[in-house]
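Asker: Take the sequences, apply the hints, and build the full model.
Taken in order, these protein sequences are the chains called R and C. So in our numbering, spot 74 of the first sequence is number 74, and the numbers just go up one at a time. So in our numbering, spot 38 of the second sequence is number 38, and the numbers just go up one at a time.
Warning: the hint list may mix true and false statements.
Where chains are identical, the list cannot tell them apart; a pair therefore holds if satisfied intra-copy or between any two copies.
Unchecked claim - Simulated pairs of lysine-lysine, DSBU-like, Cα-Cα distance not exceeding 35 Å:
hint	residue 1	residue 2
1	K135	K277
2	K134	K163
3	K113	K209
4	K277	K34
Don't read these hints as lab results, they were simulated from the structure.
Number of protein chains: 2
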Amino acid sequence: MTDTVISSHKKEVVIGFERPFVVIGERINPTGRKLLAAEMAAGDFSRVISDVQAQLEAGAHMLDVNAGIPLADEPAILAETVKLVQSLTDVPLSIDSSIVAALEAGLSVYKGKALVNSVTGEEDRLETVLPLVKKYGAAVVAISNDETGISQDPNVRFEIARKIVNRAADYGIPACDVVVDPLVMPIGAVPTSGRQVFELCHRLQKELKVNTTCGASNVSFGLPNRNGVNAAFMSMAIASGMTSAITNPLHTEIMTAIMGADVLMGHDQDCMRWIRKFREVPPAGEGGEVRGRRETRRRRVEA
Amino acid sequence: MTDTVISSHKKEVVIGFERPFVVIGERINPTGRKLLAAEMAAGDFSRVISDVQAQLEAGAHMLDVNAGIPLADEPAILAETVKLVQSLTDVPLSIDSSIVAALEAGLSVYKGKALVNSVTGEEDRLETVLPLVKKYGAAVVAISNDETGISQDPNVRFEIARKIVNRAADYGIPACDVVVDPLVMPIGAVPTSGRQVFELCHRLQKELKVNTTCGASNVSFGLPNRNGVNAAFMSMAIASGMTSAITNPLHTEIMTAIMGADVLMGHDQDCMRWIRKFREVPPAGEGGEVRGRRETRRRRVEA
Chain R
1 MTDTVISSHK KEVVIGFERP FVVIGERINP TGRKLLAAEM AAGDFSRVIS
51 DVQAQLEAGA HMLDVNAGIP LADEPAILAE TVKLVQSLTD VPLSIDSSIV
101 AALEAGLSVY KGKALVNSVT GEEDRLETVL PLVKKYGAAV VAISNDETGI
151 SQDPNVRFEI ARKIVNRAAD YGIPACDVVV DPLVMPIGAV PTSGRQVFEL
201 CHRLQKELKV NTTCGASNVS FGLPNRNGVN AAFMSMAIAS GMTSAITNPL
251 HTEIMTAIMG ADVLMGHDQD CMRWIRKFRE VPPAGEGGEV RGRRETRRRR
301 VEA
Chain C
1 MTDTVISSHK KEVVIGFERP FVVIGERINP TGRKLLAAEM AAGDFSRVIS
51 DVQAQLEAGA HMLDVNAGIP LADEPAILAE TVKLVQSLTD VPLSIDSSIV
101 AALEAGLSVY KGKALVNSVT GEEDRLETVL PLVKKYGAAV VAISNDETGI
151 SQDPNVRFEI ARKIVNRAAD YGIPACDVVV DPLVMPIGAV PTSGRQVFEL
201 CHRLQKELKV NTTCGASNVS FGLPNRNGVN AAFMSMAIAS GMTSAITNPL
251 HTEIMTAIMG ADVLMGHDQD CMRWIRKFRE VPPAGEGGEV RGRRETRRRR
301 VEA
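Answerer: Have a look at this one:
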């Protein structure tokens, strides 16, 4: 049992092997969203506000906050966004930047124990991010690549994860506060990438005893019906021991796959979350009615 | 590597650890379908014909054929149905009955190497079904219960599977022709039933080196949105090593979960089956467009 506790000033979320899967909403991120980037740079956070609300309604347990806007004052904008989001919701945040000064700016205004997103196995990242994580009493996402890039050999990625966990311990950060991202490569380019992740999740839980996360949607890059691939991936990763993901909760197929996997892992007590969410969905028919939701609630005797 | 080859007079299907998952269509079965039962008993097979066609179009690789109609002449009807279905399609069949005389009637008219559904670990079943399987050179589904019922202890179920595999060997039936059903209990009643199956699939592949199958839809019995639970279950079972299932291919969520799992296991070469099936489905949007399929094909710059 390894529990990673993340908190706001009022609320705790626990990532753990025997707990419901934790969904970290990825939407507050201007990367690839030109309009949002321009608005945030100009001090207009209306879209951030609506993204917070939409993700919470869709079932996110935590929110990732990123302010990576080229040529903008990222530390200031990230701090402002963190403050704003904390004024809107009690859910804990993941503070997301590749710039150490921005991470520090976000952490300095954050109320609670944040998840820092992220550190890698690169020496300069280890030596700059981990002290911050320790200083602010945070937890950290550890991405299993290093100066040599992303290895196709899952053993190499496992050893990088181990290195980060050990280095964190040197800084006084316990393994339960390191959440490893085993790195999900596009399955269209790397046919073994799914099984690499499933094997790594299993080993990271059994051998390193750490929680895991990932940016899930990368796996379907370049394929049609990406949500279909992502949904299957989430269920399979959870079966393999993955305990959280940074993903888009607005995609209902993915959230259904996650909630179904929680049921099947025995992590949804008495299936109550599933039943609450879907009790209005009638049972599927036996027959050609592929879209069973149109059927009446009572199962009819079928031809 | 264990390959279970099932064939018709013209076509082979191979169930195996490193092969695409095999979907055995479950629809030709009068159990719980009063109208179909009455029609089949009266010699009207029009609905069987349409069920064959619909399941093949939906992507079934094999078809299960059952003629279990109370008070009817099941051996004669099963034989007739088998002949009819083989006149309509080249896909191999699973011959499904709890009555040994019906299994024999079906096998006696079947062209090819059938899958017999099923034998259990009960002594009288072993001693009557296995000789038939050997006589007709068939493969067999081995259900892991015995005279004591269905154990909640997966170790007991594993040992029953081992007993059936050993007894089959005594009759000259190789392990590759035994496809074990680890038994899927409703998750609403047995919260550990999902993990029991996942663990059993893994052990059956690694230790007994046999292929596996199941009646998948049982897992969601009593819950709302059954297809959602079944879809997650299929992906997770495949991640755990399950290699076939007897299920309803008309449920698109389930087929998508199976095809997605094949992609992620590296069992869909170059993702070609996925791409062929879904190439008309445009990529999901980044934003609030939860139903991304309505979007235009070209990904637009999003707010």
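Asker: Each hint should be assessed against the structure and marked as holding or not.
Answerer: Hints versus structure:
In this assembly of identical chains, K135 and K277 lie within 35 Å of each other by CA distance neither inside one copy nor across copies; the values are 40 Å within and 51 Å between. Taking CA atoms no more than 35 Å apart as the test, K134 paired with K163 passes inside one copy only; the shortest distance there is 17 Å, against 56 Å between copies. Taking the shortest Cα distances, K113 and K209 sit within 35 Å of each other inside one copy (21 Å), while across copies they are farther apart (47 Å). When the C-alpha separation of K277 and K34 is checked against a cutoff of 35 Å, the pair qualifies both within a copy, at 34 Å, and between copies, at 32 Å.
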